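Engineer: Use the sequences and the hints to build the structure in full.
Just so we're aligned: 205 in our numbering is position 205 of the sequence shown, and the numbers increase by one with no gaps anywhere.
One or more hints might be untrue.
Said to hold, decoys possible - Estimated spans, in silico, between C-beta atoms of each pair:
#: 1; residue 1: N223; residue 2: V342; range: 23 to 31 angstroms
#: 2; residue 1: L361; residue 2: N223; range: 29 to 37 angstroms
#: 3; residue 1: L361; residue 2: K244; range: 49 to 57 angstroms
#: 4; residue 1: Q153; residue 2: P262; range: 29 to 37 angstroms
#: 5; residue 1: T38; residue 2: H228; range: 35 to 43 angstroms
#: 6; residue 1: D355; residue 2: D112; range: 46 to 54 angstroms
#: 7; residue 1: P262; residue 2: N88; range: 33 to 41 angstroms
#: 8; residue 1: T38; residue 2: H313; range: 36 to 44 angstroms
Said to hold, decoys possible - BS3-like cross-link-like pairs, simulated, lysine-lysine; straight-line CA separation at most 30 angstroms:
#: 9; residue 1: K152; residue 2: K196
#: 10; residue 1: K152; residue 2: K43
#: 11; residue 1: K98; residue 2: K43
#: 12; residue 1: K196; residue 2: K216
#: 13; residue 1: K276; residue 2: K304
#: 14; residue 1: K331; residue 2: K222
#: 15; residue 1: K98; residue 2: K304
#: 16; residue 1: K124; residue 2: K216
#: 17; residue 1: K304; residue 2: K196
#: 18; residue 1: K244; residue 2: K304
#: 19; residue 1: K10; residue 2: K43
#: 20; residue 1: K304; residue 2: K90
#: 21; residue 1: K299; residue 2: K285
#: 22; residue 1: K216; residue 2: K244
#: 23; residue 1: K144; residue 2: K244
#: 24; residue 1: K276; residue 2: K244
#: 25; residue 1: K96; residue 2: K222
#: 26; residue 1: K222; residue 2: K196
#: 27; residue 1: K90; residue 2: K216
#: 28; residue 1: K43; residue 2: K144
#: 29; residue 1: K285; residue 2: K222
#: 30; residue 1: K285; residue 2: K196
#: 31; residue 1: K216; residue 2: K331
#: 32; residue 1: K196; residue 2: K299
#: 33; residue 1: K285; residue 2: K304
#: 34; residue 1: K43; residue 2: K90
#: 35; residue 1: K152; residue 2: K216
#: 36; residue 1: K244; residue 2: K222
#: 37; residue 1: K125; residue 2: K96
#: 38; residue 1: K144; residue 2: K125
#: 39; residue 1: K331; residue 2: K359
#: 40; residue 1: K125; residue 2: K152
No wet-lab data here; the hints were simulated from the structure.
Note that the structure is predicted; figures quoted are calculated from it, not measured.
Glycine included, every Cβ here is placed at the ideal spot set by N, Cα and C.
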Amino acid sequence: MSRRGDNIRKRTDGRWEGRYQVLSENGSKCYRSVYGRTYTEVKEKLIFQKKAAEKEEPISLIIGGKKSDYEGSFCALAEEWLTHIESNRKYSTYVKYKTIFQCHIQPNFHDDRFSRMTNNYIQKKISAMTVSDATRQSVLLVIKQIFRYAEKQYAYPVPSISNISIKNKSQALEIMSRAEQARLMQFLCEDMDISKAGIYLCLSTGLRLGEVCALKWDDIEKNNGLIHVSRTVQRIQSVEGPVKTTLLETPPKSVSSNREIPISDSLLSILTAFQKEGQVYLLQKDRPMEPRTYQNHFKRYLEKINAPHYNFHILRHTFATNCIDNGMDIKSLSEILGHSDVQITLNRYVHPSMDTKRKYLNALSDDYGQLCGQI
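Structural biologist: Written out as structure tokens, the structure is:
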């Protein structure tokens, strides 16, 4: 980790950090930090904060159109950040962040001022929440984004909260067994309809539930055998209006999720056999399929083949694992799955199945047997 003068260093995440000393409420000395993209930016912020500390002047912020000092409300800034998110991000993202704020951040930090939001305090609060580790991660993510917003908008000295320890329980990737896959494929091919064909498509391409539910016939390029994934559908909480939830059609999960997937001639023939005149969407005529309804279809199919009640996402996991076991290179698989980074694919799927391990060890045993025969 490189360092330069004036108590300024370059962090491993690429940002520059400058530290300055202040007096706490009990008179003891403590350190605060400022951050920036360049050494010069941090140096300017550091000079400003040091002068403010020497004069014992509070750091002024303008929050919600009103002047607020360093002792201002953290939740007030969080609400301003949410307004910024609403106008600059996808609606579904805004709803997700607002729900996290209303359910977890506001109840736990509603009386807290900026000066109290230290690493230790945030860690203590998040650790005390009776929620899953995944929810704790989401809360921490939102808090970090709020502080990044404060830093960018108001040159607010962001506390270092990167050392919060949240235990992540590593779970084995769940996939369908070869026997379950065989029973499912046989069931899908018997009296196939468009609903079964959609399941077959997901097992053959790794499409997500929301992606297949939003797929249109126009997204299937028959001449070249390609599927264009350009939208997804999900049911989200409605922040306004009489209904509690709404079905929302949006662009895919990320930029890389907007992708093209080649499909085989046989799969293309299966799909096009069910295309009807005037039908816009693959699974329904003029509107996207409700994801929850299609998940229930899948569960009924699993009951028919005496398989456990897997989540729909197991089709994607099974597809990816089969691709790895059959020798597909990671880059190609990553692009087909729509991952933003090859490392995501490596971390999630490059864990060979027991059948694959057995195959390699049996091959090694045969090799040893040949060597023994030469002695």
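Engineer: Is K285 close enough to K196, meaning Cα to Cα at most 30 angstroms?
Structural biologist: Holds. K285 to K196 sits at ~16 angstroms (cutoff 30 angstroms).
Engineer: Lying within 49 to 57 angstroms: is that true of the beta-carbon distance L361 to K244?
Structural biologist: holds (53 angstroms)
Engineer: Holds or violated: are the alpha carbons of K216 and K244 at most 30 angstroms from each other?
Structural biologist: At roughly 27 angstroms apart (the allowed maximum being 30 angstroms), K244 and K216 satisfy the hint.
Engineer: Against the 30 angstroms threshold, does the CA-CA distance of K276 and K244 hold or violate the hint?
Structural biologist: violated (34 angstroms)
Engineer: Has the given pair, K125 with K96, been kept, meaning a C-alpha gap of at most 30 angstroms?
Structural biologist: Within the cut-off at roughly 21 angstroms; holds.
Engineer: Quick one, are K299 and K285 close enough, alpha carbons at most 30 angstroms?
Structural biologist: At roughly 23 angstroms apart (the allowed maximum being 30 angstroms), K285 and K299 satisfy the hint.
Engineer: Check the hint pairing K125 with K152 against an upper bound of 30 angstroms on the C-alpha distance.
Structural biologist: holds (25 angstroms)
Engineer: Next pair to validate is K152 with K43; report whether the Cα-Cα distance is within 30 angstroms.
Structural biologist: holds (15 angstroms)
Engineer: Are the Cα positions of K144 and K244 separated by 30 angstroms at most?
Structural biologist: holds (29 angstroms)
Engineer: Is K244 close enough to K304, meaning Cα to Cα at most 30 angstroms?
Structural biologist: violated (33 angstroms)
Engineer: For the pair we were handed, K285 and K222, check the Cα-Cα distance against 30 angstroms.
Structural biologist: Since the Cα atoms of K285 and K222 sit roughly 19 angstroms apart, the hinted pair holds (cutoff 30 angstroms).
Engineer: With a cut-off of 30 angstroms on the C-alpha distance, tell me whether K152 and K216 pass.
Structural biologist: violated (41 angstroms)
When held up to the earlier numbered hints, the structure conflicts with 2, 4, 9, 11, 15, 16, 18, 20, 24, 25, 34, 35, 36 and fits the remainder.
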